[in-house]
Amino acid sequence: MTEKKKTTIVLLSGDYDKAMAAYIIANGAAAYDHEVTIFHTFWGLNALRKDESISVEKGFLEKMFAKMMPRGADNMGLSKMNFAGFGPKLIKKVMKKHNALPLPQLIEMAQEQDVKLIACTMTMDLLGLQEEELLDNIEYAGVAAYLAEAEDGNVNLFI
Amino acid sequence: MTEKKKTTIVLLSGDYDKAMAAYIIANGAAAYDHEVTIFHTFWGLNALRKDESISVEKGFLEKMFAKMMPRGADNMGLSKMNFAGFGPKLIKKVMKKHNALPLPQLIEMAQEQDVKLIACTMTMDLLGLQEEELLDNIEYAGVAAYLAEAEDGNVNLFI
Amino acid sequence: MTEKKKTTIVLLSGDYDKAMAAYIIANGAAAYDHEVTIFHTFWGLNALRKDESISVEKGFLEKMFAKMMPRGADNMGLSKMNFAGFGPKLIKKVMKKHNALPLPQLIEMAQEQDVKLIACTMTMDLLGLQEEELLDNIEYAGVAAYLAEAEDGNVNLFI
Chain A
74 MTEKKKTTIV LLSGDYDKAM AAYIIANGAA AYDHEVTIFH TFWGLNALRK
124 DESISVEKGF LEKMFAKMMP RGADNMGLSK MNFAGFGPKL IKKVMKKHNA
174 LPLPQLIEMA QEQDVKLIAC TMTMDLLGLQ EEELLDNIEY AGVAAYLAEA
224 EDGNVNLFI
Chain B
74 MTEKKKTTIV LLSGDYDKAM AAYIIANGAA AYDHEVTIFH TFWGLNALRK
124 DESISVEKGF LEKMFAKMMP RGADNMGLSK MNFAGFGPKL IKKVMKKHNA
174 LPLPQLIEMA QEQDVKLIAC TMTMDLLGLQ EEELLDNIEY AGVAAYLAEA
224 EDGNVNLFI
Chain C
74 MTEKKKTTIV LLSGDYDKAM AAYIIANGAA AYDHEVTIFH TFWGLNALRK
124 DESISVEKGF LEKMFAKMMP RGADNMGLSK MNFAGFGPKL IKKVMKKHNA
174 LPLPQLIEMA QEQDVKLIAC TMTMDLLGLQ EEELLDNIEY AGVAAYLAEA
224 EDGNVNLFI
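Chains as they are written, first to last, in the working numbering: chain A, 74 to 232; chain B, 74 to 232; chain C, 74 to 232.
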């Protein structure tokens with residue numbers, strides 16, 4: 074029995090286009106029968122936020138961060154040509170026209186394909202994000218869990 | 074007979090400095106006798122655009138994107154200290170002083186060293202870019218082609 | 074005797090959050106007994122600058138770059154929500170509250186764990202940075218040295 078190939082992605086970016094690239098690669102690798110892990114840290118955590126407002130107890134600084142960061146994949150901006158939020162609208166329009174899957178569906182598809190989605194607990198602490206605010210079926214872990222996967226990875230990317 | 078080592082780079086960034094890093098690593102790896110692939114997606118496609126205006130039929134949104142994006146490697150901005158285009162001028166000036174190759178020449182050198190340059194067809198569709206607008210001797214493919222190279226890659230980078 | 078696993082990181086980014094991610098992964102990998110190399114290029118060199126002003130002979134352009142770039146890890150900005158320098162202050166405040174190590178200490182820890190810190194000599198030239206301006210115990214090398222490490226790397230990242 075041969076071992077499965079492995080793909081790991083660290084997603085630090087909170088940009089719609091970069092998260093899209095991460096999830097397209099992840100879904101492609103899963104379709105190729107790789108074991109796939111996406112480790113979400115810093116602004117990459119925003120892709121995992123639920124889009125409704127969740128009421129949780131937080132300190133003042135954490136409340137500020139939570140307020141200023143986009144709530145969920147559909148609200149993220151572009152890394153280039155964002156134009157105060159106009160860019161993402163444009164991109165989503167052409168995506169629809171060309172039948173490309175929008176980010177929230179790419180994330181759903183990844184979950185259906187058993188891509189392991191990990192939220193970095195250290196940066197959750199820093200940004201004041203709590204488990205109730207993130208999507209269901211997420212794993213919570215630190216850099217050690219990432220490295221344990223990555224050291225046997227065939228494809229390891231930082232996005 | 075031993076197999077060649079492999080280097081693959083996904084170039085999503087449209088920044089002059091990051092594209093320069095990608096092509097310097099690619100040329101270095103090719104000189105070390107690696108099989109090298111650069112997969113250009115999203116803004117990374119701009120590095121492959123011809124610098125003259127090519128007249129092709131496009132929809133309105135696609136025309137807008139094409140207009141707003143830099144035409145070719147020499148027109149890209151910096152990821153830091155861009156200063157409305159002044160930064161790239163400065164960098165190119167010091168590059169000339171220190172005999173460092175500018176990006177268009179790095180791309181030429183990569184083609185001479187048989188680095189495989191792939192343009193991501195899915196994001197070409199989204200940004201409304203057509204083959205006539207890109208350099209000659211480019212391959213056109215999707216994420217599956219990238220993964221087929223990367224899963225045997227020794228060095229896989231996302232830039 | 075089995076060989077040590079290897080982790081290599083190219084740090085091109087000059088953002089506090091991305092450099093923090095690089096050094097957290099590097100320190101984690103070193104703790105897992107990997108041989109770890111961080112290759113600092115372009116704005117990533119700023120993480121290695123001493124925070125005092127060092128007087129060295131430079132050309133005019135090089136002086137300008139040196140002046141405009143942050144002097145050392147503690148003066149770097151965030152990739153998101155920088156708010157003209159207010160963001161990094163906020164992040165450092167929550168880091169202190171949650172006992173997370175700030176970047177300068179992460180760099181110190183990496184040096185204590187024998188993480189090899191390399192400064193890219195080509196981009197030092199371009200940005201006009203000289204050895205006297207960087208931290209002690211740094212190695213100076215080019216892309217060939219990076220590739221020599223990376224081609225045997227288990228985890229290779231570009232940040």
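If you're looking for bench data, these hints aren't it; they were derived computationally from the structure.
On a predicted model such as this, the values are computed, not experimentally measured, just so you know.
Incorrect hints may appear among the rest.
Identical copies go unnamed one by one, so any copy, or any two together, can satisfy a pair.
Stated by the list, open to error - Straight-line Cα separation of at most 25 Å, DMTMM-like style, residue types lysine to aspartate or glutamate; simulated pairs:
1. Lys77 <-> Glu222
2. Lys170 <-> Glu76
3. Lys189 <-> Glu125
4. Lys153 <-> Glu76
5. Lys166 <-> Asp209
6. Lys79 <-> Glu108
7. Lys153 <-> Glu204
Which numbered hints turn out to be false for this structure? 2, 4 and 5
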